Amino acid sequence: MSVANFNSISDGTIETRSILENPRISLYCLDDRQQQAVFVETQLDTIALSDRPFFYQAQFETAQRLITLDYNELHQLADRIKKRLSNLILIYSVGRCGSTLLSKALGQSENKLSLSEPDVFSQIVNLREANGSRDRDILKLIESCARILCKPIATQSFIRWAIKFRGLGIGIADLFHQAFPDARSIFLYRHAEDTVTSFVRNFGIPTPEIFAAIEQNIEYHSRAIPPLKSYFPIEYNRTNAINFYTIRWLWFMERYVQLYHQSIPMQAIRYEDLRDRSREVISAIFEYLNIPTSEVEKACQVLTTDSQAGSMLANDKASRAKVTPQDTRDIRRFLQHHPEIQRPDFQVPGTLLLGNC
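Numbering (UniProt numbering), first residue to last: 1 to 357.
Among these hints, one or two may not hold up.
Across the chosen pairs, the derived CB separations fall in these ranges [said to hold, decoys possible]:
#1 Arg-320 x Asp-51: 28 to 36 Å
#2 Lys-298 x Arg-275: 16 to 24 Å
#3 Tyr-220 x Asp-11: 27 to 35 Å
#4 Tyr-288 x Val-257: 17 to 25 Å
#5 Ile-210 x Gly-12: 35 to 43 Å
Derived lysine-lysine pairs resembling DSSO-like cross-links, with alpha carbons at most 27 Å apart [stated by the list, open to error]:
#6 Lys-83 x Lys-112
#7 Lys-83 x Lys-140
#8 Lys-112 x Lys-140
#9 Lys-140 x Lys-82
#10 Lys-82 x Lys-112
#11 Lys-112 x Lys-298
Hints listed in this document are in silico derivations from the structure and should not be mistaken for laboratory results.
This one's a predicted model, so the numbers in the text were calculated from it and none came from an experiment.
Yeah, the Cβ is synthetic: ideal placement off N, Cα and C, and Gly gets one too.
Let's have the full structure, built from the sequences with the hints guiding it.
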């Protein structure tokens with residue numbers, strides 16, 4: 001997401017306080033080159049936008065006006081929010097593993113706002129330097145952006161806020177922990193072969209053009225997924241294209257394991273358990289998040305729906321690409337080169353363990 005998504009003309013100024021007071025104004029993205037935060041004023045308020053599968057898509061589709069603030073003004077505005085951002089829930093994942101469903105399920109809870117993929121944080125991942133040289137600035141951006149996205153809304157008194165990231169969001173999970181040490185974090189993951197299969201079905205097999213674009217801008221792409229830097233350049237063929245998704249899965253899993261060994265608290269959940277034993281898993285998640293278990297029933301009802309209905313990732317819009325038995329053998333062969341995560345069914349430490357039925 002970027003300001004370039006829109007055609008716009010300059011149309012004066014507004015009072016800064018209206019950004020906090022108007023429930024139809026929300027943070028959309030950053031323009032780091034100009035050191036600006038970009039807000040959108042939308043037809044719908046934040047609560048209505050949060051009901052859509054993806055927050056950023058709903059913002060784009062209903063945007064009416066753009067508002068920009070420089071970073072200093074952004075931080076000053078965030079500092080004006082007196083209410084402490086407590087009871088924050090952060091949802092990380094490998095992608096295609098039920099995280100959107102979980103976000104929607106959490107949104108059924110009383111007095112809680114759940115935002116699925118406010119894309120400003122995906123941008124922030126790509127701003128982070130590998131040597132940590134911008135971490136202090138990034139930390140401040142994370143804190144200000146989260147506080148403003150979760151700003152108080154006059155018509156609703158929220159006591160919990162959930163933010164569900166794209167897969168690459170785990171790249172700044174350590175900084176989120178520094179900014180909000182009391183937040184409760186969840187990591188959802190899935191069998192590697194099933195994850196790759198789902199990506200292929202929904203996005204298709206990466207094309208030679210995609211490979212070329214990544215190779216030409218490898219410094220940028222490897223900020224979010226560092227192993228790409230050692231993977232490219234590489235000959236384009238079906239095996240290497242399929243394993244582009246395997247690399248993503250592997251990095252997100254590896255990153256979680258790193259965070260676990262850094263003692264950053266996070267509850268890991270297997271997609272297979274969420275799918276097959278949903279009531280037990282949701283009950284355990286709600287207990288971990290200190291959400292009343294009386295709300296479990298309503299949350300479980302969401303798990304039977306297409307959480308991405310109405311988006312480009314809805315089930316009825318999936319591509320026709322398929323993973324073959326040879327592809328799955330190639331995935332397994334690729335994983336065997338990793339020093340630790342060598343199996344597609346690898347179970348990360350800290351995974352929720354369920355009793356025998």
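For each hint, the structure was consulted:
no. : hint                          : in the structure
1   : Arg-320 x Asp-51: 28 to 36 Å  : holds, 30 Å
2   : Lys-298 x Arg-275: 16 to 24 Å : holds, 18 Å
3   : Tyr-220 x Asp-11: 27 to 35 Å  : holds, 32 Å
4   : Tyr-288 x Val-257: 17 to 25 Å : holds, 20 Å
5   : Ile-210 x Gly-12: 35 to 43 Å  : holds, 41 Å
6   : Lys-83 x Lys-112              : holds, 15 Å
7   : Lys-83 x Lys-140              : holds, 17 Å
8   : Lys-112 x Lys-140             : holds, 24 Å
9   : Lys-140 x Lys-82              : holds, 17 Å
10  : Lys-82 x Lys-112              : holds, 18 Å
11  : Lys-112 x Lys-298             : holds, 14 Å
The structure agrees with every numbered hint stated previously.
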